[in-house]
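Here the protein sequences come in this chain order: A and B. Position 110 (the first sequence) corresponds to 110 in the numbering used here; numbering is contiguous. Position 18 (the second sequence) corresponds to 18 in the numbering used here; numbering is contiguous.
Hint data in this document are derived by calculation from the structure and do not stem from the laboratory. Here the structure is a predicted model, which means the values were calculated and not measured. Even for Gly, the Cβ is constructed at its ideal location relative to N, Cα and C. It is possible that part of the hints are untrue.
One-sided excerpt, in silico: chain A residues whose CB lies under 8 Å from chain B [unchecked claim]: (1) GLY40; (2) LEU43; (3) LEU90; (4) PRO101; (5) PRO105.
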Amino acid sequence: DVKVTQSSRYLVKRTGEKVFLECVQDMDHENMFWYRQDPGLGLRLIYFSYDVKMKEKGDIPEGYSVSREKKERFSLILESASTNQTSMYLCASTLHGTGTPEFGPGTRLTVT
Amino acid sequence: AQRVTQPEKLLSVFKGAPVELKCNYSYSGSPELFWYVQYSRQRLQLLLRHISRESIKGFTADLNKGETSFHLKKPFAQEEDSAMYYCAPKMDSSYKLIFGSGTRLLVRP
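Bound conformation, chain A alone (with noise of 0.2 Å):
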């Protein structure tokens, strides 16, 4: 019963490239997240989205934007990939103001 799926498990992009992250719930969740977890500093939100189209910036959003254009999915994009984006990428999703997060199985990106 997969219920958050990322397009990609292990991704190796070269710096300046652009880079889109696909993530896709099948739970029909309003809220949708992006994370980066990095030794020693967790979980810090990119971006989180409550609706379609709307969108909101977390703790770091600087050189990444985000989609949403169809509730089901929310996609990160990096404009020009940089090597400090070396990561890996969680992507969440939870019901209206309740629940709790339920996580994809992220996506390990490195950029060379």
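Given chain A, put chain B in place with the hints provided.
This is chain B only, laid out in the frame that chain A set:
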């Protein structure tokens, strides 16, 4: 600013020993608190939430509003408890969880 602190990056105990993973938060309101766990090569998953006051896999956590703490405890650690643990407060009606930096628990045989 809202903040959550997990002071230990690594906690190493022997099997059968008690374990306590510390979590302190700074917030003047009434947050809802969660512990998440990530086992090796698995996705992050909810371990427990304070409002349910339940015990999951032998773990419990008590919210201490006076000390603004939500420490995770287990009386007898098992090797399968080895994982990364994150404390995460949710502030009032906010959509988002704030995660601590995590504590890696290593239970040795």
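Evaluation of the provided hints:
Evaluation of the GLY40 of chain A hint against chain B yields a held restraint, the C-beta minimum of about 6 Å falling below 8 Å. Contact between LEU43 of chain A and chain B, as hinted, is supported at the beta carbon level, the nearest pair being about 4 Å apart and thus within 8 Å. With a cut of 8 Å, the hint placing LEU90 of chain A at the interface with chain B holds, because the nearest CB-to-CB distance is about 7 Å. Given hint, PRO101 of chain A at the interface with chain B, holds; its Cβ is 6 Å from that chain's nearest Cβ, closer than 8 Å.
At a threshold of 8 Å, the smallest CB-CB gap from PRO105 of chain A to chain B is about 5 Å, leaving the interface hint in force.
When the structure is compared with the earlier hints, no violation turns up for any of them.
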